[in-house]
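Protein chains: 2
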Amino acid sequence: MLQVQTKTRRGRSARREARLTKNFDSLPALDRGLPYIDLMTDLQLHKMHDATMRILENKGIEFRDDESAEMWRQAGATVSGHLVKIERDLLLKLISTVPSSYTMHARNPERTVKLGDGHTCFVPAYGSPIVIDLEGRRRNATMEDFNNFAKLAYMAPAMHMTGGVLVEPMDISVPKRHLHMMHSLLKYSDKPFMGMVLGRDKALDSMEMVKIVFGKDYLESHTVMTSLANGNSPLVWDETMLDAAKVYARHNQAMLFSPFALCGASTPASVVGMMAQISAEALAGVAFSQLCRAGAPAVYGQWLATVSMQSGAPMAGTPEICHINMLMGQLARFYKLPMRCSGMCTSSKVVDAQAGYEAARNMYGVLMSGANFVLSTAGYMEGAMAQSYAKYALDIEQMELFYRLGKGPSFADFDSALDAISEVKIGNHYLGSAHTLENFETAFSMPAMMDHNSFEQWSADGELNANQRGVNKIKKMLNDYEEPKLDSGIEEALLDFIAQRESEIGQRAL
Amino acid sequence: MLQVQTKTRRGRSARREARLTKNFDSLPALDRGLPYIDLMTDLQLHKMHDATMRILENKGIEFRDDESAEMWRQAGATVSGHLVKIERDLLLKLISTVPSSYTMHARNPERTVKLGDGHTCFVPAYGSPIVIDLEGRRRNATMEDFNNFAKLAYMAPAMHMTGGVLVEPMDISVPKRHLHMMHSLLKYSDKPFMGMVLGRDKALDSMEMVKIVFGKDYLESHTVMTSLANGNSPLVWDETMLDAAKVYARHNQAMLFSPFALCGASTPASVVGMMAQISAEALAGVAFSQLCRAGAPAVYGQWLATVSMQSGAPMAGTPEICHINMLMGQLARFYKLPMRCSGMCTSSKVVDAQAGYEAARNMYGVLMSGANFVLSTAGYMEGAMAQSYAKYALDIEQMELFYRLGKGPSFADFDSALDAISEVKIGNHYLGSAHTLENFETAFSMPAMMDHNSFEQWSADGELNANQRGVNKIKKMLNDYEEPKLDSGIEEALLDFIAQRESEIGQRAL
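Protein chains in written order, with my numbering: chain A, 1 to 510; chain B, 1 to 510.
It cannot be assumed that every hint is accurate.
If chains are identical, the list can't say which one is meant, so a pair holds when it fits in one copy or spans any two.
Derived lysine to any residue pairs resembling SDA-like cross-links, with alpha carbons at most 25 Å apart [as the list claims (entries may be wrong)]: (1) K407 to D38; (2) K216 to R200; (3) K407 to P35; (4) K114 to T240.
Simulated from the structure, these hints should not be mistaken for laboratory data. A quick note: this is a predicted structure, and the numbers were derived from the prediction, not measured.
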């Protein structure tokens with residue numbers, strides 16, 4: 001119902017909205033202009049597929065939830081307790097009803113995005129309990145931080161979604177936290193978002209709040225959320241995640257099925273071996289979504305860290321993660337499923353060169369993989385333990401650069417550029433040529449957070465490093481923020497719902 | 001000629017060499033395991049080729065050297081003064097004799113590398129007049145810095161060459177500088193290297209010094225150097241570079257023909273337009289090498305910065321540079337030529353997140369492009385104005401990661417990894433499995449310069465950022481350095497030659 005779009009706007013409010021549109025432009029989902037990269041030969045791909053199917057047929061996978069196991073039994077799988085063995089014919093039949101792409105509708109239709117079939121969305125980091133704040137302090141995240149990151153995602157052109165658990169607001173008790181996070185996502189941004197997934201009740205509350213904003217009927221035919229179900233490698237889907245997945249899939253809302261894999265610890269110490277395992281895990285999750293509702297959108301994905309066999313530490317941004325992302329992209333195209341990876345990941349504790357190397361190298365591999373839902377594209381630090389404001393500022397600009405990279409080069413002005421070559425005298429410059437004057441503002445990216453000035457100019461400007469520039473940028477963004485319009489009746493209804501549920505939860509907790 | 005390899009080694013010296021072999025392993029040239037990425041359709045490729053040919057046929061290109069212009073005239077080009085117009089038949093005939101790959105022989109045969117046909121070599125940064133030293137001071141580079149970077153390249157496994165002008169040793173006068181740089185390259189490392197290119201005499205001196213080490217006859221049939229000829233966009237090759245190119249090509253030594261392009265200033269403000277121009281420039285240079293000696297190895301390349309149309313600053317690491325690198329890689333494969341790009345480039349003044357983002361993003365594109373000679377893979381700062389010791393330490397490890405990435409995933413242990421999946425109980429870990437014990441040391445990269453520890457461990461270790469770890473690493477490397485063996489007769493002959501030439505140059509200068 002999106003009443004916000006149908007009201008007449010006048011005077012100050014209209015001017016403010018015009019300003020907003022101008023200031024806070026958002027990019028559509030990336031419509032990929034780069035070719036795909038296939039690391040596997042056809043033979044290797046089929047060997048990988050066959051190995052994956054044999055894992056599900058012979059070893060099986062545990063769905064640690066009675067209802068889910070029963071759903072599998074009724075669908076024709078061989079079920080013993082929570083152990084489910086799935087023949088490939090059944091699995092392939094189930095995933096065949098998953099749409100290869102879907103649209104996520106935003107409460108502002110201009111922010112509606114397509115995902116899959118060559119379309120990619122960038123989404124901020126998810127779930128950190130800690131923030132590195134604007135004073136450089138490392139501390140527990142709060143609801144204020146959560147609200148800030150919702151505002152920042154709203155303002156960032158290359159963030160296609162506001163995100164989900166932007167940080168864990170540790171100052172709000174766990175039973176009530178999801179209500180405030182959902183409220184923040186709905187209030188401070190008008191982009192698509194992720195629902196809460198810690199069990200059935202939180203998913204149902206999320207659905208109720210979404211119904212208040214979008215209307216119940218609208219939701220039956222429109223996907224507005226994509227939520228995250230983490231799998232437990234090796235080969236376990238647990239009740240909490242399955243309960244949330246059931247709620248969302250039955251409401252035609254999209255789910256990411258993402259094994260959470262520590263490569264070498266919860267998988268074999270082998271890139272191709274672990275690929276077969278996590279593919280089996282993700283496919284089983286995606287297939288399960290179709291038992292809940294055939295045709296519900298679902299995403300095949302993973303979260304990965306390779307484990308250092310020296311220290312036991314999970315490592316972000318290693319070449320092996322790049323390989324796995326690319327392998328999984330090829331498998332996603334084979335299965336005709338949208339795919340999820342993680343983007344600007346780093347293990348670094350500070351926003352230093354390590355953070356830059358790891359994040360950019362990892363994200364480039366994700367871009368090459370063809371992933372459609374890229375989580376963790378802004379703010380990610382310490383292998384997801386912490387979220388940095390400064391890195392968020394740098395990352396959102398990096399994602400604009402990756403977006404441009406992913407569009408590929410344009411041949412539209414080729415002939416006029418050749419004319420410029422004909423006209424300019426050998427050894428001269430092009431600064432005054434007609435083609436240059438026409439194209440200079442758009443031909444090349446001009447990232448503002450990256451300092452390209454001479455040493456002398458940079459020195460005169462205060463010798464700020466990227467981390468310091470990031471802090472300043474966030475301060476300015478939060479200062480410039482203006483809230484997207486939300487009907488006051490909707491806002492009231494949301495607050496009423498939260499109050500009612502808090503009271504129920506509080507009573508139940510007694 | 002390579003006497004160093006034929007002498008008997010005994011006692012302390014032999015033990016020392018055994019240690020060296022152990023400590024300072026070097027990787028062979030990368031034998032690419034990733035598929036290529038072609039940004040142009042066949043139609044676009046042929047349009048690009050045709051446009052490039054038309055530039056050389058109709059507008060022409062200046063070879064600002066009488067002898068070179070005369071060589072073109074004799075070959076059948078249309079020459080007017082220094083302006084050379086080259087028909088496509090002539091150009092394509094000339095480049096057809098360029099080998100698609102060649103071998104660079106090192107004085108230690110274990111360091112000999114192949115370049116082209118899917119083989120890629122990583123080479124440190126080139127030509128900075130400034131260093132950021134181990135105390136963090138930004139100052140003029142000296143000969144001691146040059147020697148240090150020769151030692152470091154020798155010790156770095158993924159540096160396939162020592163490099164060329166590792167830094168500009170500003171404490172040695174320009175007329176004599178090349179002699180000391182060549183001596184350092186020959187003495188402190190045993191990897192292949194780049195010759196000096198500022199005119200005929202410096203190239204001839206380089207050749208003489210190389211003859212002392214390798215023997216005159218050996219050089220006639222063995223390429224030991226690849227040297228850099230920068231072109232001046234738009235469409236100029238100058239006398240200094242051509243004179244050096246003539247010397248090297250006539251001696252069967254390889255040349256990089258690299259237009260030095262400020263995109264938008266010395267080229268059209270268009271990715272595809274500038275591609276046509278710099279391809280024409282590079283192809284004309286490569287073709288020229290075959291006028292000097294048919295069959296001489298030559299590399300098609302470029303150095304690029306996109307120019308900020310806001311500030312006029314050259315920008316490193318932009319998405320447009322990635323596109324151009326990939327386009328040029330596709331053209332190199334079409335022309336069957338080895339290709340040169342620049343690797344870990346950044347505009348940053350400090351080793352911060354900007355340095356990491358730009359270098360890694362740029363290098364990833366270079367890797368995808370299929371470039372065979374990757375210059376500037378270590379130390380590069382400030383758009384080539386400065387060289388950082390700390391970044392050098394980080395970059396050489398990053399290049400080991402890129403090397404591994406470029407090899408692609410291995411399927412060799414697929415079946416045994418699948419066995420491990422069969423064996424490990426659902427929900428358990430793989431740490432004790434036979435496959436893990438066999439593969440844990442090699443399955444995943446474990447970069448030592450990247451800190452993957454928990455915040456608490458990192459904090460206990462002194463809270464060092466990547467820049468600080470880089471400084472410490474270089475201090476340790478320079479402390480651990482041991483010189484590769486060079487026959488004392490050769491060393492004496494080199495010093496005699498330098499003394500003789502210095503005396504001649506000194507007299508001539510009077």
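Legend entry - K216 and R200: within-copy, between-copy, both or neither at 25 Å Cα: within (19 Å within a copy, 80 Å between copies)
Legend entry - Same-copy or cross-copy closeness of K407 to P35 [CA-CA at most 25 Å]: both (10 Å within a copy, 20 Å between copies)
Inset, instruction - Tell me, please, which holds for K114 and T240 at an alpha-carbon limit of 25 Å: within, between, both or neither? - result: Neither: 28 Å inside a chain and 55 Å across chains, both beyond 25 Å.
Legend entry - Homo-oligomer pair classification [D38, K407; C-alpha up to 25 Å]: both (19 Å within a copy, 14 Å between copies)
Violation of the numbered hints given earlier is confined to hint 4; every other hint is satisfied by the structure.
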